[in-house]
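> Once you have looked at the hints, place chain W on chain P.
2 protein chains.
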Amino acid sequence: MHATILHKPGDIRFEDCPDPKILAATDAIVRLSATCVCGSDLWPYRGIQEIKQPTPMGHEYCGIVEEVGKGVTSIRPGQFVIGSFFASDNTCPHCKAGYQSSCRHRELVGGAQAPRLRVPLADGTLVATPEIPPDELVPSLLASSDVFGTGWFAADAAKVKPGATVAVVGDGAVGLLAVLSAKQMGAERIIAMSRHVARQKLARSYGATDIVEERGVDGIARIQDLTKGLGADAVLECVGTQESMAQAIGATRPGGFVSYVGVPHGVSLDAQNLFFRHVHLHGGPAPVRRYLPTLIDLVWSRKVDPGKVFDLTLPLEQVAEGYRAMDERRAIKALLRP
Amino acid sequence: MHATILHKPGDIRFEDCPDPKILAATDAIVRLSATCVCGSDLWPYRGIQEIKQPTPMGHEYCGIVEEVGKGVTSIRPGQFVIGSFFASDNTCPHCKAGYQSSCRHRELVGGAQAPRLRVPLADGTLVATPEIPPDELVPSLLASSDVFGTGWFAADAAKVKPGATVAVVGDGAVGLLAVLSAKQMGAERIIAMSRHVARQKLARSYGATDIVEERGVDGIARIQDLTKGLGADAVLECVGTQESMAQAIGATRPGGFVSYVGVPHGVSLDAQNLFFRHVHLHGGPAPVRRYLPTLIDLVWSRKVDPGKVFDLTLPLEQVAEGYRAMDERRAIKALLRP
Chain P
1 MHATILHKPG DIRFEDCPDP KILAATDAIV RLSATCVCGS DLWPYRGIQE
51 IKQPTPMGHE YCGIVEEVGK GVTSIRPGQF VIGSFFASDN TCPHCKAGYQ
101 SSCRHRELVG GAQAPRLRVP LADGTLVATP EIPPDELVPS LLASSDVFGT
151 GWFAADAAKV KPGATVAVVG DGAVGLLAVL SAKQMGAERI IAMSRHVARQ
201 KLARSYGATD IVEERGVDGI ARIQDLTKGL GADAVLECVG TQESMAQAIG
251 ATRPGGFVSY VGVPHGVSLD AQNLFFRHVH LHGGPAPVRR YLPTLIDLVW
301 SRKVDPGKVF DLTLPLEQVA EGYRAMDERR AIKALLRP
Chain W
1 MHATILHKPG DIRFEDCPDP KILAATDAIV RLSATCVCGS DLWPYRGIQE
51 IKQPTPMGHE YCGIVEEVGK GVTSIRPGQF VIGSFFASDN TCPHCKAGYQ
101 SSCRHRELVG GAQAPRLRVP LADGTLVATP EIPPDELVPS LLASSDVFGT
151 GWFAADAAKV KPGATVAVVG DGAVGLLAVL SAKQMGAERI IAMSRHVARQ
201 KLARSYGATD IVEERGVDGI ARIQDLTKGL GADAVLECVG TQESMAQAIG
251 ATRPGGFVSY VGVPHGVSLD AQNLFFRHVH LHGGPAPVRR YLPTLIDLVW
301 SRKVDPGKVF DLTLPLEQVA EGYRAMDERR AIKALLRP
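Residue numbers (my numbering), protein chains in the order written: chain P, 1 to 338; chain W, 1 to 338.
Okay, chain P solo, but in the shape it has when bound (with noise of 0.2 Å):
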């Protein structure tokens, strides 16, 4: 098969691979229905992240199991499920606290934009959906692999409660999931960071009450006059940069939440900072599986549409330009179509 490998920055190939195979009795092997480019996928694309040496990439999917190994015993062939980026055995220690993606036995899953992938951990980490799916739910279902459930703990980690006002930092896939994660979990008032019109747009269909469109010192200004000098509740960081993390700390008020779901990239804390802010912080890879169950029933339900962030579908092979795209915020969320 042919599948997307990343040589150095800026140099995404679609090119000759080998298939996928089962490696271990827990494995499975799923055809995808579609697949994405994640902003995480950017930093390595942008040279900010190193990679040593050419990396298959992909970790968002969903689609139909095609084979399982023999040690699987709830997934089967022929069922559409979802997974996320970490595989896990959803029975230690840390997957029963709801730390999946902290599992002892996790593995990272990559080369997801591809037609067919390699599932480890299959029975812990994928989940089945009710039936096939109709074709318009699939890009709700393949958001839920990894934005939807990121954003939602973003808002989980930040103990979002009804009538709770929540400021979200960043407008890309995750930002503009954590803002209708916020609303579903009864925000009153929700104020997305965004700088950009379509974005600003979708926000507001998902929840968004005010935009700011400032940053820095400024954007805490604003969100404090907003709050009438209190901060908010919740600030959920949803970029991983210093600036990002600043504007969050410094958007709460004492005793309020500060979730950060994006890996932070050369971020340091000042503690006597966090300290005197009285801030509680709580973040890390998302646990995507705790919640996939949620997120399923409400996608299927149509209670939420969070495939909306897809606002480019391509060819899987012009995966290249879904990566241009979105490095130049033409896009939001390039879709792949195998």
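No wet-lab data here; the hints were simulated from the structure. Any given hint could be a false lead.
[Unchecked claim] Coverage of chain P stretches by chain W, computed from C-beta distances (three or more under 8 Å per stretch; other residues unrestricted):
| # | region |
| --- | --- |
| 1 | 91-97 |
| 2 | 258-267 |
| 3 | 276-286 |
| 4 | 326-335 |
[Said to hold, decoys possible] No more than 30 Å apart at the CA atoms, straight line, and that leaves these computed lysine-lysine pairs for DSS-like:
| # | chain 1 | residue 1 | chain 2 | residue 2 |
| --- | --- | --- | --- | --- |
| 5 | W | 161 | P | 161 |
| 6 | P | 183 | W | 183 |
| 7 | W | 21 | P | 96 |
Ideal placement from N, C-alpha and C gives every residue a C-beta, glycine not left out.
Below, chain W alone, put in the same frame as chain P:
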């Protein structure tokens, strides 16, 4: 009167000072039954925290109200009261959320190592005991003014639950009372990190089930070992250094809680490490006022004896010896009798 002034590092003097007076209508003047030296007083005493001018010292206090301003309505002369290091109005939104130490009108209380003290915002800050306490309860009531309240916040901020495995970093008065607090909240296993025999003994009397003498990477390994490689559910960091924070973060299970209650000095946190450790982080200046009614109840009913952390009692005029004894770790905490 005579009061305690720090002139420069190591130079503590008990010298003539003006008597405190009512300055605002919301003030009270308290005649102190007891006061003490705080671990945090050692930062400027040791020259780690700069002092720019001769500074009145002390922020832990309990005693009899002598006089109140015209605007004070709930506190009256003759009552025995306890307050904490931040005066707070106890009515602003931050106070109502339980973060009185971030009160919008907070004022640092200083100069409590003296016979008499002016306390601002008396109605919001001071809590009266049911009646004048017998003398043997005074040390425990004084401990509630800061170190017990701070240890309690450490356990509460780390969400200590019945059955939990808890580790406490730091064997000062706050760490020891964090052990006591975790025990009160139902922790099943409490690991105290200490190399000091007398403190280990007091930790055990307060509920510690295990003692770990190792520090740094070895200390983390020992806790991982004691918890079968999972890490502790909650780690209570009661020191405030880079090493103690690293130890706390490294010893916590994914999804677990790290609290930190000592002002961090020169501590920088790598956000990517925090991210992949998957911990919750919460701390700050303890909102002792939130807990005072509970703590007074516990002391009054003799369920707890936090006053045992005072292993040295001196007449107030010997305050300099109290600083020396704590600096040299000859004493855990020095109580001073005016």
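> Each hint should be assessed against the structure and marked as holding or not.
Quick rundown of the hints versus the structure:
With 3 residues having a Cβ less than 8 Å from any Cβ of chain W, the region 91-97 of chain P passes the three-residue criterion, so the hint holds. Counting residues of the region 258-267 of chain P whose beta-carbon sits less than 8 Å from any beta-carbon of chain W gives 5, enough to reach three: the coverage restraint holds. Judged by the Cβ-Cβ criterion of 8 Å, the region 276-286 of chain P is covered by chain W as claimed, because 10 of its residues qualify and three suffice. Note: the region 326-335 of chain P has 0 residues with beta-carbon separation from chain W under 8 Å; the three-residue rule is not met and the coverage is violated.
Of the pairs offered as hints, the one joining residue 161 (chain W) and residue 161 (chain P) holds, with about 22 Å between alpha carbons and a cut-off of 30 Å not exceeded. For the hint linking residue 183 (chain P) to residue 183 (chain W), the alpha-carbon distance of about 38 Å lies beyond 30 Å, and the restraint is violated. Our distance criterion of 30 Å between C-alpha atoms is broken by residue 21 (chain W) and residue 96 (chain P), whose separation comes to about 59 Å.
When the structure is compared with the earlier hints, violations turn up for hints 4, 6, 7 and for no others.
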